[in-house]
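Please work from the sequences and hints to get the whole structure.
So the sequence lines, in the order shown, correspond to chains A and B. If you're matching positions, the first sequence starts at 1 in this note's numbering and goes up one per residue. If you're matching positions, the second sequence starts at 1001 in this note's numbering and goes up one per residue.
To be clear, the hints were calculated from the coordinates, so they are not data collected in a lab.
Straight-line alpha carbon distances no greater than 25 Å define the calculated SDA-like cross-link-like pairs of lysine to any residue that follow:
{"hint": "1", "chain 1": "B", "residue 1": "Lys1458", "chain 2": "A", "residue 2": "Ile163"}
{"hint": "2", "chain 1": "A", "residue 1": "Lys196", "chain 2": "B", "residue 2": "Val1324"}
{"hint": "3", "chain 1": "B", "residue 1": "Lys1351", "chain 2": "A", "residue 2": "Val86"}
{"hint": "4", "chain 1": "B", "residue 1": "Lys1083", "chain 2": "A", "residue 2": "Val327"}
{"hint": "5", "chain 1": "A", "residue 1": "Lys376", "chain 2": "A", "residue 2": "Ala22"}
{"hint": "6", "chain 1": "B", "residue 1": "Lys1083", "chain 2": "A", "residue 2": "Gly333"}
Because the structure is a prediction, the values reported are computed rather than measured.
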Amino acid sequence: MSTTAEPARKAMPSALTFDRHAKCSTTKARASTLHLPHGSVPLPIFMPVATQASLKGLTYDQLRDTGCMLCLNNTYHLGLKPGQAVLDSVGGAHKLQGWDRNLLTDSGGFQMVSLLKLATVTEEGVRFLSPHDGSPMLLTPEHSISLQNSIGSDIIMQLDDVIATTSPDHARIKEAMERSVRWLDRCIEEHKYPEKQNLFCIIQGGLDLELRKQCCEEMVARDTPGIAIGGLSGGEAKEEFCKVVDTCTGLLPENKPRYVMGVGYPEDIVVAVALGADMFDCVWPTRTARFGDAIVSSGTINLRRKHFAQDFRPVEEGCTCTCCRPVDQGGLGLTRAYMHHITAKETVGAHLLTIHNVHFMLTMMGNIRQAIIEDKYPEYLRKFFSNIYQGDKSKYPDWAIV
Amino acid sequence: MDEKPPMTFNLLGSAAPVLAPRVGQLSIPGRKVITTPHHVPLTSRGTVPHIAHDVMRDHTAISNLYIGLEDFIERSDSAPVYKTPAAAHESPLKKFTCLPNDMPVILGPRRFPAIVCPPPNTSTSIALSTSIGFRQLPAKQYVEAVKKLRPDITIGMADLVLGKPPGNKRREKMVDRTHAFTRDGLEQLYGNTVAENGKSKTAFFAPVLPLDNAQQSLYLEDLESEFRWDISGLALYEAASLEFIPASLGDLPRLLFSDPATPHDILREISLGADLLTTPVLGASSDAGIALDFKFPAPVAQDCDKQPMPLGADMWSAEHATDVSPLAEGCVCYACQKHHRAYFHHLLAAKEMSAWALLQIHNYHVLDLFFAGVRESIQHGTFEQNVEAFARFYASEMPESSGQGPRLRGYQLPAPGAHQPRRIPKVYGRLEEVIDSSSVVTPDTDASGLEEHGFAQKA
Chain A
1 MSTTAEPARK AMPSALTFDR HAKCSTTKAR ASTLHLPHGS VPLPIFMPVA TQASLKGLTY
61 DQLRDTGCML CLNNTYHLGL KPGQAVLDSV GGAHKLQGWD RNLLTDSGGF QMVSLLKLAT
121 VTEEGVRFLS PHDGSPMLLT PEHSISLQNS IGSDIIMQLD DVIATTSPDH ARIKEAMERS
181 VRWLDRCIEE HKYPEKQNLF CIIQGGLDLE LRKQCCEEMV ARDTPGIAIG GLSGGEAKEE
241 FCKVVDTCTG LLPENKPRYV MGVGYPEDIV VAVALGADMF DCVWPTRTAR FGDAIVSSGT
301 INLRRKHFAQ DFRPVEEGCT CTCCRPVDQG GLGLTRAYMH HITAKETVGA HLLTIHNVHF
361 MLTMMGNIRQ AIIEDKYPEY LRKFFSNIYQ GDKSKYPDWA IV
Chain B
1001 MDEKPPMTFN LLGSAAPVLA PRVGQLSIPG RKVITTPHHV PLTSRGTVPH IAHDVMRDHT
1061 AISNLYIGLE DFIERSDSAP VYKTPAAAHE SPLKKFTCLP NDMPVILGPR RFPAIVCPPP
1121 NTSTSIALST SIGFRQLPAK QYVEAVKKLR PDITIGMADL VLGKPPGNKR REKMVDRTHA
1181 FTRDGLEQLY GNTVAENGKS KTAFFAPVLP LDNAQQSLYL EDLESEFRWD ISGLALYEAA
1241 SLEFIPASLG DLPRLLFSDP ATPHDILREI SLGADLLTTP VLGASSDAGI ALDFKFPAPV
1301 AQDCDKQPMP LGADMWSAEH ATDVSPLAEG CVCYACQKHH RAYFHHLLAA KEMSAWALLQ
1361 IHNYHVLDLF FAGVRESIQH GTFEQNVEAF ARFYASEMPE SSGQGPRLRG YQLPAPGAHQ
1421 PRRIPKVYGR LEEVIDSSSV VTPDTDASGL EEHGFAQKA
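Written as structure tokens, this is what we have:
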């Protein structure tokens, strides 16, 4: 490949420790604990996305109550609002939003390319036209890291060259992968606080397993504290997704956390965990809550549907979230009927269902972790899919049968 | 009729019953006690806007709620609220809305402030605006709903004319209809024809119409005599009604459906003897991004020439962008304990829902303290002086908001019509722009601004 690794690299301190507790004897699933500057995170974990330094109407105590130890902010959004000067003045994103647990920030590369019209990626960085006055602008890996240094998140991501996995242009995919490696070097160079913020590299390479292998090799050599697998969950076939995760985890060191970016459907998470991934994030659980969708063990139910209007059961029977727990157990005892009454009509409906969905995802991750520790993960998987497909094995998706 | 609804109202001290501020205690067995004067938090579809149930429980001191039946009865016959399973001692309304049993709940036919309905009221029903359109609510059905839903207090149905002053003939009708609604309602709830165990435990607040004394004198006389035993309070629709409440009704609690623009207005209404008051200005301030900041009694002014202090701060204003101080100095509310002005400014600019949730917590706290100060001041006999000092110390208007509020839903807005602005602007012919500005977050500054922000550089 065109990038030859520098013989003498900048030393890569780490601001985390990674304790592995158990490994599934059948699958590649692992249970571990990630110790970060703002507390310990049990892995595998799902990270809710508080894009603009706020989790969709929730107070940070409500988020704490779901058990969340690590949530996301987005560099792109925080760079625009409130901007670097405010972040520096306030003292970073933890202080801005009053969250004393861990933060992870995405680098903003994905948003640049997906949200801004006329963004083009060059070797220097992402070129785009300022939407206000049309003047050409350039966002570089250095900008992204400098912003993330100002944000002060516990885990920061390199700026990568993101393209859709479904892109047919193989040369472009290869270029993006190689460029992401070169940009990683620039990010490492720019990173001011490696002793308190952990920089994660992002493995690229589309669905080409050979490119993914090369990328793993190059990036593992850079010895970042953690490793992300990027460019997935862009509409690729599930088989392809599994192959990429499987290939990458096979090449990654055992002693570092692995983060599969943008993955959040429960089915995808349980499978990716079986393939050896530890960390996940997605806006889906919180976004779908605002549309009235509750995540339950049998899938999702849309509480706006009329037949929930007189359903006086909790959103999910036995769920221990603040909303579903009965009043005599300190919960709110909310019913599907009432959620139907307010969902998509009152902001409170969104708040309450967001609590339920985040709690559901985190409880699911806790159950996954427990199953791995007890070496019962295959049983967990069977139960999980049986719940979703009412025990009808013929309906199981092919990609999920490992 | 031997048994009265179990609500009691005791006036503290020996204040004159009419046209004077007074302190009282409204208690219902098993419910939080309301000390008056007190504000009445307004709900929308059973929630205090933006305040989730656990936030209300953990971070506010909300001690009573007003609920409008029209938020629950879109479909005339089969409203789910009536099907709520509840034990005999529980209110199906509270069960449906998942409110704690000890929360005193006041049920009226309509939201407050109510939206003007184009269809007129009739002699047996009033027009409602539900989330799916207008409908009539027959008076009989309303009382049935009260019996089924068992709120702690109900507001008797009144024939009100909203949006324009009623003409002479209409006023007569208002009185006649309201008189009949009240008479029939009381009979249906507590009358001799109702079996002893079927008598309602809900306290009935009889409406007093926003008309002058003479026009409704017959009705008022009946309230004093025939209806006196059955009514537990009065519901007023304008502060002027406080001036002619008959002495014999003086010991009844008075709930004023009021829309005060400022705390000065609230004080004026309290000084006329209002016990419970609605304050839509509270929610409107939160929606507008205004953090209230006033105390009663007002702090002692250091300097006589000082400009009046603002009643709140507009968090949209860029002056707060890096301000890490709380919304109000020394405030102990949850929002101020956990967050600073810079965060509120950011949340509003980013249109995050948390902005309104946290502002509501703060604004409720400010109003709670304000009313506590009012009660203390009345008891100390210093109310009048304190009101004067308050008027000198604070600005006479609320601060203006420079931003936008949350998206409003149909049932929160006046019905569309010839005189209403378009709810959704026309978009034909500029789809491209609409796509650009829809959900996509774009910078709101130009290239130099972006460079200054450290977001990117000019290429």
